[in-house]
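Let's have the full structure, built from the sequences with the hints guiding it.
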Amino acid sequence: GCATSQEENVFSEQEYDQIKAADTVASVLSFMGSGMIILCYICFSDLRKFAFKLVFYLSMSDLMASISGFIQPVNKNGDLDCGLCLTQAWILSIFE
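Here our numbering is used: the first residue of the sequence shown is 629, the next is one more, and so on.
Think of the hints as simulated: they come from the structure by calculation, not from any bench.
Values in this document were obtained by computation on a predicted structure and should not be read as measured data.
What follows is a set of in silico ranges between Cβ atoms, one per label pair, in the way DEER data are often shown:
| # | residue 1 | residue 2 | range |
| --- | --- | --- | --- |
| 1 | 673 | 710 | 41 to 49 Å |
| 2 | 698 | 667 | 17 to 25 Å |
| 3 | 685 | 653 | 22 to 30 Å |
| 4 | 685 | 646 | 32 to 40 Å |
| 5 | 700 | 722 | 15 to 23 Å |
| 6 | 679 | 646 | 35 to 43 Å |
Think of the CB as a built atom: it goes at the ideal place given N, C-alpha and C, for glycine as much as any other residue.
Here you go:
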C-alpha cells in the first residue's frame, strides 16, 4: 500500500502549482525533443546506423519517462492518490 503522512503540508497551494507547472513544462519539452529525434530516425534512412539506433532507443525510453511528468499524484490539499503514485513510480522505474 501507499504510505501516507499526517504531517502538515510542506508547500503552500501556490508552491504546489508552481512545482506542477515546472514539472509539466519540463515533461512537455522532453516529450517534444524525444519525439523529434524519433521522427527524424524514422524519416531519414541515412540515420539508421548503429550509433543512431542507440540514440533512437534512448529517446524511446525518455519519451516514455516524460509521460510520468504528466501524472500528478498529489492534489492541492496534499492528498496522495495511491494509484497514480504507484503508476508514476512504475513508469519511472522502468524507463529512467
